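Participant: So you can see what is in the structure, the chains are spelled out below.
There are 2 protein chains.
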Amino acid sequence: MKSVKELLEAHGKAEKECYFDWENGSLVDKEVFNAMKPFFLEKGYGNPAITHRIGWESYEFYGMEKEKIANSLNVDSVNLALTFSSTESNNITILGTTRLNTKRKKILVSSVEHLSVIHAVKSLFNQGIIIETIPVTHNGVVNLDILQEKLDENTLLVSLQSVNHEIGTIQPVKEAIEIVKDKDEDIYFHTDASAAYGRIPLDFLDLNLDFGTISSQKILGPKSIASLYVKEGIKLKSIYEGQLSIETLSPNVEYMPLLAGFAKAVEIQFNKFKEINEYTLKLRDKLMYGLQTTIPRVEINGPEGHHRAPDNVNISFLGCEGEALTLESSLNGIFASSGSACTSRILMPSHILTAIGRKPEEAHGSFLMKLTRLNTEEEVNYTLETLPKVINRIRSITGGIEL
Amino acid sequence: MKSVKELLEAHGKAEKECYFDWENGSLVDKEVFNAMKPFFLEKGYGNPAITHRIGWESYEFYGMEKEKIANSLNVDSVNLALTFSSTESNNITILGTTRLNTKRKKILVSSVEHLSVIHAVKSLFNQGIIIETIPVTHNGVVNLDILQEKLDENTLLVSLQSVNHEIGTIQPVKEAIEIVKDKDEDIYFHTDASAAYGRIPLDFLDLNLDFGTISSQKILGPKSIASLYVKEGIKLKSIYEGQLSIETLSPNVEYMPLLAGFAKAVEIQFNKFKEINEYTLKLRDKLMYGLQTTIPRVEINGPEGHHRAPDNVNISFLGCEGEALTLESSLNGIFASSGSACTSRILMPSHILTAIGRKPEEAHGSFLMKLTRLNTEEEVNYTLETLPKVINRIRSITGGIEL
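Protein chains in written order, with this note's numbering: chain R, 1 to 403; chain V, 1001 to 1403.
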């Protein structure tokens, strides 16, 4: 087997490079970087809990920056906890609610939730926690009738994401919350809004949510900082313990450079909310329908139009396998991911494509591209020119076999 | 009550500023910052688990950078997990071992461990986990005879830090491990080496440790990244669940910019290990003994000479209260912390000063300063000139009352 270094050397660098794998990793732009820079090097580097000038300076920035994030969700910043990742936010919610109410044992999640939600619930099996999944339509929309049927006095928590991270489905979260709270005010409701944040309007206060997860990385802020909204009055406990610190749900999380980067990314995304989302929507449709038109045997995964997040393109190229797809695209400077099992070091097929009824050969050929304000129309044009050749080549090598 | 903004305006900025509060927060220098910069902006920003050029590039850097950290401890990088904080590393160890062996219920810790260790153990009380603390001498050295006495077949884990973070005591970790393993190979041994890492030689392999915690921030790397060494063959489980990722003990932790900053800080600290530690030791003794000589009624907290970490100065000014101390010092440009209850927003007195037998009035007046390669002799000289006046002023205001 070749070493990664040899692989990289053999790969070389394509003449043009288009990064669409924002779901899995992202850079920050100059503006976000410049917002972090002074906090790394010269100011606000103290612990905001400590009583000296550098500590107070940190505390002041901490409050200001957190306020910007809270405003973007229309919540009070005292109800917004900083965490290290949306994975942690989801886990704090799930592990935390099982401690708040030890009588109820059932957690309902849609079948297309992020794995951090599904795995967190499943990890509690030994503690008697049962997971029940709510099926979705072929477009990934959760079935509200089945949700309603499954609610009972044993139901502790319902976790439904706002937007699906792989296929862009916008979920009927508002309706789901009404159904849940109509049935029983004491059932907690959580939304993982990581893939929705900054893409569709979110008003956590108006939604009457109990818990909401958002992430910095998903709006082009730095990774290793995220947040969890917890409704006023709910006394959630942290899942691990530290020195007493200002942030209590995730001890030791307050780090000004990352918070400053997060807040700057929020500022950019929300100051130009309409503009950015109209822009990515235009690119999305040009890319998605362009590929559908020029390449035979393709299938769009997820809904279309305004039922789909404006940044999401997920399309299956039948007769192609994900590993060949991402590799051959990469050689041509197009970086995306696939729901196929073999395209990541972790060998995990997409449970989401299975949940919407895609057959293995359809999931194998899936290709996920996301669009951000940093993508250009030129990149979309290049991709529309290049991908048909990539697909053609893969299909000709595999002999057009029905995989 | 004044707002933080008003407080800062009233405070102003001293002519000269000397930062010694490295225990609670730190900046990074240009070199570390420049190591992070390209990973934020242009390269290695992909998820290292994904199979495209940016993913592979990230994976290659990930391996290289982690190797540097592993080398600094003489361990194999496959046995080193990345985490978000040393708090998380300590918690993974404690919560994780209780799952590895559900029969044993006793965890032994020294009375001067970091609160993330003590609080983590105490949080398991409902699961039947008992904490027993090993007392320390007046210099903070753990009592090995009592450790030996307390070991029994119910003992799950012994957690003993390598260096105390407040009073600089270097613990006899090697001897403690021998005692524990001689008694029973199956008792796990963990050291929180956060305050030791980079200051005293640490060879985790030679020590025959099971678990070891280190932190990036404590060697002037960025915060929000740390590490946990887990001995080959021990199958520790994560304390929360995520998408499958390369790092398994703390899902979703791999972020190249912070890793690059951590690795650069390691490189600097270990390439000049002897030089840096001789330098801070010289400054330490000049500062500590200088204050002892020029200010009446002071007490050094912790041991002296080579039994004390080279970066640690902790001194009690009798007749002073911590809040006045840190505030008045801050007004004069000297930033440090105190073990008094009132000097942080979290109102927590130092359990360490109590554990070494300090009376309340001694703990009240304690003043913790740490020295790094970024401190200068000029700062030490300034502090030696300034602090006597600060102490004098505080004592004259409080009327020299024996607090």
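Worth flagging that the hints you see were computed from the coordinates, not collected in a lab. This one's a predicted model, so the numbers in the text were calculated from it and none came from an experiment. Some clues are possibly wrong.
[Said to hold, decoys possible] With a straight-line cut-off of 30 Å between C-alpha atoms, the simulated DSSO-like cross-links for lysine-lysine are:
| hint | chain 1 | residue 1 | chain 2 | residue 2 |
| --- | --- | --- | --- | --- |
| 1 | V | K1183 | R | K272 |
| 2 | R | K181 | R | K103 |
| 3 | R | K282 | R | K272 |
| 4 | V | K1237 | R | K122 |
| 5 | R | K16 | R | K282 |
| 6 | R | K37 | V | K1005 |
| 7 | V | K1231 | R | K122 |
| 8 | V | K1068 | R | K13 |
| 9 | R | K231 | V | K1005 |
| 10 | R | K105 | V | K1030 |
| 11 | V | K1037 | V | K1105 |
| 12 | V | K1183 | R | K237 |
| 13 | R | K37 | V | K1043 |
| 14 | V | K1005 | R | K122 |
| 15 | R | K103 | V | K1389 |
| 16 | R | K43 | V | K1389 |
| 17 | R | K272 | V | K1389 |
| 18 | V | K1103 | R | K105 |
| 19 | V | K1106 | R | K103 |
| 20 | R | K37 | V | K1013 |
| 21 | R | K237 | V | K1235 |
| 22 | V | K1043 | R | K5 |
| 23 | R | K37 | V | K1037 |
| 24 | R | K237 | V | K1106 |
| 25 | R | K237 | V | K1389 |
| 26 | V | K1030 | R | K68 |
| 27 | R | K16 | V | K1237 |
[As the list claims (entries may be wrong)] Pair ranges (Cβ atoms, derived):
| hint | chain 1 | residue 1 | chain 2 | residue 2 | range |
| --- | --- | --- | --- | --- | --- |
| 28 | V | N1101 | R | K150 | 48 to 56 Å |
| 29 | R | N71 | V | H1138 | 49 to 57 Å |
| 30 | R | E377 | V | E1378 | 51 to 59 Å |
Even for Gly, the Cβ is constructed at its ideal location relative to N, Cα and C.
Participant: Take the hints in turn and mark each one as holding or not.
Facilitator: Outcome of the hint check:
no.	hint	in the structure
1	K1183(V) x K272(R)	65 Å, violated
2	K181(R) x K103(R)	18 Å, holds
3	K282(R) x K272(R)	15 Å, holds
4	K1237(V) x K122(R)	14 Å, holds
5	K16(R) x K282(R)	22 Å, holds
6	K37(R) x K1005(V)	22 Å, holds
7	K1231(V) x K122(R)	27 Å, holds
8	K1068(V) x K13(R)	27 Å, holds
9	K231(R) x K1005(V)	28 Å, holds
10	K105(R) x K1030(V)	52 Å, violated
11	K1037(V) x K1105(V)	46 Å, violated
12	K1183(V) x K237(R)	37 Å, violated
13	K37(R) x K1043(V)	18 Å, holds
14	K1005(V) x K122(R)	46 Å, violated
15	K103(R) x K1389(V)	61 Å, violated
16	K43(R) x K1389(V)	27 Å, holds
17	K272(R) x K1389(V)	53 Å, violated
18	K1103(V) x K105(R)	26 Å, holds
19	K1106(V) x K103(R)	28 Å, holds
20	K37(R) x K1013(V)	21 Å, holds
21	K237(R) x K1235(V)	27 Å, holds
22	K1043(V) x K5(R)	15 Å, holds
23	K37(R) x K1037(V)	9 Å, holds
24	K237(R) x K1106(V)	24 Å, holds
25	K237(R) x K1389(V)	45 Å, violated
26	K1030(V) x K68(R)	28 Å, holds
27	K16(R) x K1237(V)	42 Å, violated
28	N1101(V) x K150(R): 48 to 56 Å	37 Å, violated
29	N71(R) x H1138(V): 49 to 57 Å	52 Å, holds
30	E377(R) x E1378(V): 51 to 59 Å	56 Å, holds
Hint violations for this structure: numbers 1, 10, 11, 12, 14, 15, 17, 25, 27 and 28, all remaining hints satisfied.
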